[in-house]
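Asks: Residue strings, one per chain:
2 protein chains.
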Amino acid sequence: MNIRLPTERLAYGGGEAVVAPIIHALRPLLGSGRQLAARAGVACDSWRLGVEAHNVIDWRTVPAECEGYIGHYMLGEHYRRDFAVVVDEAVAYAETLKLAGNGKEIWVFDIDETSLSNLPYYAKHGFGATPYNATSFHEYVAEGSAPALPETRRLYHRLLELGVKPVFLTGRTEDQRTITVTNLHRQGFSGWEKLLLKPAVHATGELQGSAVEYKSGERQKLQDAGFIIVGNIGDQWSDILGAPEGARTFKLPDPLYYIG
Amino acid sequence: MNIRLPTERLAYGGGEAVVAPIIHALRPLLGSGRQLAARAGVACDSWRLGVEAHNVIDWRTVPAECEGYIGHYMLGEHYRRDFAVVVDEAVAYAETLKLAGNGKEIWVFDIDETSLSNLPYYAKHGFGATPYNATSFHEYVAEGSAPALPETRRLYHRLLELGVKPVFLTGRTEDQRTITVTNLHRQGFSGWEKLLLKPAVHATGELQGSAVEYKSGERQKLQDAGFIIVGNIGDQWSDILGAPEGARTFKLPDPLYYIG
Chain L
1 MNIRLPTERL
11 AYGGGEAVVA
21 PIIHALRPLL
31 GSGRQLAARA
41 GVACDSWRLG
51 VEAHNVIDWR
61 TVPAECEGYI
71 GHYMLGEHYR
81 RDFAVVVDEA
91 VAYAETLKLA
101 GNGKEIWVFD
111 IDETSLSNLP
121 YYAKHGFGAT
131 PYNATSFHEY
141 VAEGSAPALP
151 ETRRLYHRLL
161 ELGVKPVFLT
171 GRTEDQRTIT
181 VTNLHRQGFS
191 GWEKLLLKPA
201 VHATGELQGS
211 AVEYKSGERQ
221 KLQDAGFIIV
231 GNIGDQWSDI
241 LGAPEGARTF
251 KLPDPLYYIG
Chain V
1 MNIRLPTERL
11 AYGGGEAVVA
21 PIIHALRPLL
31 GSGRQLAARA
41 GVACDSWRLG
51 VEAHNVIDWR
61 TVPAECEGYI
71 GHYMLGEHYR
81 RDFAVVVDEA
91 VAYAETLKLA
101 GNGKEIWVFD
111 IDETSLSNLP
121 YYAKHGFGAT
131 PYNATSFHEY
141 VAEGSAPALP
151 ETRRLYHRLL
161 ELGVKPVFLT
171 GRTEDQRTIT
181 VTNLHRQGFS
191 GWEKLLLKPA
201 VHATGELQGS
211 AVEYKSGERQ
221 KLQDAGFIIV
231 GNIGDQWSDI
241 LGAPEGARTF
251 KLPDPLYYIG
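Protein sequence lines, in the order shown, are assigned to chains L and V. According to the working numbering, the first sequence is numbered sequentially starting from 1. According to the working numbering, the second sequence is numbered sequentially starting from 1.
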């Protein structure tokens, strides 16, 4: 199956320039609006809203009857529009900041489904409706082929222009550092202040604790080191919950998986 | 204009029993899905998602080009479906609670757009797209005619059955206590533990501070009095942000207004 992602479809200004022909794994039949959602027993668009507003939590897989709905949502323009609105708010906020100019102001970026898209993987693996398979997912990550989310890249570059330093804080582990750096560089991300990864996972399951605990702990260390977290953006609520959160947080859409 | 609200349309089990004929102020033409949203320059459904996930904040009015979209969303079944998913999660959570049985466990309910709907007012006043008018809104509240949000009433009654005591915590003021009690009783809410209202507003603008400060302060008093806040539900993020939030929080949809 040859899958081209629509991640390059929207020009930076929100235009409709098509960079390359797009072959959808799922061809949108009805869009991802009401009609499609209503066909299933579960109200799939209401489920997705519940996820985004953090009412539906601790879920393992997308409801089976919503796989098609989520697929159309992700591959069509709907996801990209929802994503763009969040980034537009983040850019507008960043442009209002009065910066001290001392180089201590940072913006925390998550990586997966925030800066890089794993949609090529999820399009082949049930759009989150099938249980997570660590082996095949890590094989995909090791390719270093994940495309940028271009809206986030737009925010990233604007922050560099403004003098706010990007910091990546990810659930990826140290053994994935080299390929992650390679992938980020290939996709137009460079010049970050830090790239914070988790210690490599050992067979004994060394990594205990929630994502919230891990990420808030790392942000606390950044703050203790004198950094000021002016913004924080991620696709999971666990990216942006837990003090210190950062002066303002942004939740990007992600109906594919839940990390608590 | 005779407006019947669809608040009674869904039976408690999610069925489609129609209690009364419904006359819409706006007749849904295309639903509130993608096509309608895409007609406007603003991506109205993406804007609404941005509001619900707390990315779009501090806004004064619904974007002018989204008035029709929001009207259709609110008067059609979409709002009710989104609302029901949140309440379903809340009920499921409540049913997992291991209660001490000492009568100290409470659930905090907001009132407007959480327990009672002001949609009859907003349907006549631009669905949030025109600036807030305190005079006409207070006249509407004084009628005591706001219908229940039936899904919230379902949660409320389930909590009473389980032995969790409801507490209302509202931005309504003490001078509105009598009509608020009357309205709640008329709409099937009774047996609450407390109804907490703000001090009456004086001409000098006595009420300073944000809704987050006010509501979190009141929750702190409840906790200091020995109550355990097992749940907290509201339509505004300011209902559920700010420690102590409660053991779990639920954000109901509301694209009509923002209270910070």
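By construction, these hints were calculated from the structure, which means they are not laboratory data. Hints may contain errors.
[As the list claims (entries may be wrong)] If you anchor each label on the Cβ, the simulated ranges turn out as follows:
no., chain 1, residue 1, chain 2, residue 2, range
1, V, Gly188, L, Tyr93, 39 to 45 Å
2, L, Tyr132, V, Ser136, 32 to 38 Å
3, L, Lys124, V, Val181, 54 to 60 Å
4, L, Pro244, V, Ser210, 49 to 55 Å
[Unchecked claim] Stretches of chain L that chain V covers, calculated by requiring three or more beta carbons in the stretch to come under 8 Å of a beta carbon on chain V:
no., stretch
5, 48-55
6, 82-89
[Unchecked claim] A few chain V residues that face chain L, going by a derived Cβ cut-off under 7 Å, partial list only:
no., residue
7, Ala43
8, Asn55
9, Arg81
10, Glu89
11, Val91
12, Leu197
13, Ala247
14, Phe250
15, Ile259
From the three backbone atoms N, C-alpha and C, an ideal C-beta is built for every residue, glycine too.
Asks: Taking the hints in turn, state whether each one holds.
Replies: Here's how the hints hold up against the structure:
1. Gly188/V <-> Tyr93/L: 39 to 45 Å: 42 Å, holds
2. Tyr132/L <-> Ser136/V: 32 to 38 Å: The hint (32 to 38 Å, Cβ to Cβ) is violated, given that Tyr132/L and Ser136/V are roughly 52 Å apart.
3. Lys124/L <-> Val181/V: 54 to 60 Å: At 58 Å between Cβs, range holds.
4. Pro244/L <-> Ser210/V: 49 to 55 Å: 20 Å Cβ-Cβ, so the 49 to 55 Å window is violated.
5. 48-55: holds (count 6)
6. 82-89: holds (count 5)
7. Ala43: 5 Å, holds
8. Asn55: 5 Å, holds
9. Arg81: Holds, about 4 Å.
10. Glu89: At about 5 Å, which falls below the 7 Å cut-off, the nearest Cβ of chain L leaves the hint on Glu89/V intact, so it holds.
11. Val91: 12 Å, violated
12. Leu197: 26 Å, violated
13. Ala247: Ala247/V check fails; min Cβ-Cβ to chain L is 13 Å, beyond 7 Å.
14. Phe250: At 6 Å from the nearest chain L Cβ, Phe250/V passes the 7 Å test, so the hint holds.
15. Ile259: 16 Å, violated
The structure shown violates the earlier hints numbered 2, 4, 11, 12, 13 and 15.
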